[in-house]
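Each chain, written out:
Number of protein chains: 2
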Amino acid sequence: MRESARPQWTDPNCPVARATDLFGDRWSMLIIRDAMDGARTFTDFQQRTGIARNVLTDRLRRLIGYGLMAQVDAPAGKRKHYELTAAGEDLFPVVLALRHWGEEHAFGDGEGHSTLVDATGASVTAPEPLGTDGTPLTSRNTRVVR
Amino acid sequence: MRESARPQWTDPNCPVARATDLFGDRWSMLIIRDAMDGARTFTDFQQRTGIARNVLTDRLRRLIGYGLMAQVDAPAGKRKHYELTAAGEDLFPVVLALRHWGEEHAFGDGEGHSTLVDATGASVTAPEPLGTDGTPLTSRNTRVVR
Numbered sequence: 036m037r038e039s040a041r042p043q044w045t046d047p048n049c050p051v052a053r054a055t056d057l058f059g060d061r062w063s064m065l066i067i068r069d070a071m072d073g074a075r076t077f078t079d080f081q082q083r084t085g086i087a088r089n090v091l092t093d094r095l096r097r098l099i100g101y102g103l104m105a106q107v108d109a110p111a112g113k114r115k116h117y118e119l120t121a122a123g124e125d126l127f128p129v130v131l132a133l134r135h136w137g138e139e140h141a142f143g144d145g146e147g148h149s150t151l152v153d154a155t156g157a158s159v160t161a162p163e164p165l166g167t168d169g170t171p172l173t174s175r176n177t178r179v180v181r
Numbered sequence: 036m037r038e039s040a041r042p043q044w045t046d047p048n049c050p051v052a053r054a055t056d057l058f059g060d061r062w063s064m065l066i067i068r069d070a071m072d073g074a075r076t077f078t079d080f081q082q083r084t085g086i087a088r089n090v091l092t093d094r095l096r097r098l099i100g101y102g103l104m105a106q107v108d109a110p111a112g113k114r115k116h117y118e119l120t121a122a123g124e125d126l127f128p129v130v131l132a133l134r135h136w137g138e139e140h141a142f143g144d145g146e147g148h149s150t151l152v153d154a155t156g157a158s159v160t161a162p163e164p165l166g167t168d169g170t171p172l173t174s175r176n177t178r179v180v181r
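From first to last, the protein sequence lines stand for chains C and U. Counting with the working numbering, you get residues 36 to 181 for the letters of the first sequence. Counting with the working numbering, you get residues 36 to 181 for the letters of the second sequence.
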């Protein structure tokens, strides 16, 4: 991330807050989701999210400025493509955790939803956070040290 | 979640998008973070996030409507407290994944940040998503099935 591109941090000491400052708005998150799912061109993102063009332009510029996406050369005669950088790819566990929560809590009985599968076609589940002794971690048995 | 409280879904089929519709804005995420870290009163949230009072009122109302937080009785003579519901507590892996990414990618050399520790005081790390055969999962070896 270029120093100049940094947002004004809401809470400079907190990694959760910094992450949220960088991509924690609905459209940025959906752009990242779609890039992980193969969207590459401005039109890809526009059609998948239904986002307004001026907002999409702003969010792509911001994600590039923050180092989460990059513009790359496309086949001859085509406009440049947008791709996740390594830092953007590292958001996979965040998107997976969002998916897992959404599947559990944001669908009613009988409502269908997309699923994520691995290379063998097996459904992917999000890993459960565990302590060093194997205890499932929650907000109740962890604490923030400043 | 009460049917009436549901947002207009941006992409009804996608669990990531539904999750993002429910709490994917910067302030909602920071309110959830602070509730996990022990914030209970309106003033707690206001002071920790620095959020404007009218925005905080709106976000708390929304999180309650969506079933992620609830108002509970406080000790006699005090205003009601705000607590995460079970669905809200289940956001712990999302917040942990955000924290992990933030620690890795949102701090420069020598910049300090808060850490999360378990009951023994050991630093908590986010679990890596793995396939059934133990391969680390990424956006490149998984795909969305609609």
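FYI, nobody ran anything at the bench for these hints, they're computed from the structure. From the three backbone atoms N, C-alpha and C, an ideal C-beta is built for every residue, glycine too. It cannot be assumed that every hint is accurate.
Unchecked claim - Which residues of chain C face chain U? A partial, calculated answer using Cβ under 7 Å: (1) Thr78; (2) Pro128; (3) Glu138.
Said to hold, decoys possible - Computed list of chain U residues with no C-beta within reach of chain C, every gap over 12 Å: (4) Asn89; (5) His116; (6) Arg134.
A quick look at each hint next to the structure:
At its closest, the beta carbon of Thr78(C) sits 17 Å from a beta carbon of chain U; the interface hint therefore is violated under the 7 Å criterion. The closest approach between the C-beta of Pro128(C) and any C-beta of chain U is roughly 5 Å, which is under the 7 Å cut-off, so the hint is satisfied. Taking 7 Å as the C-beta cut-off, the interface hint given for Glu138(C) holds, the closest approach to chain U being about 5 Å. Non-interface call for Asn89(U) relative to chain C: holds, since the shortest CB-CB distance, roughly 17 Å, exceeds 12 Å.
With a least beta-carbon separation of about 15 Å from chain C, His116(U) lies farther than 12 Å from that chain, consistent with its non-interface assignment. Not every C-beta of chain C lies more than 12 Å from that of Arg134(U), the closest at about 5 Å, which undercuts listing it as non-interface.
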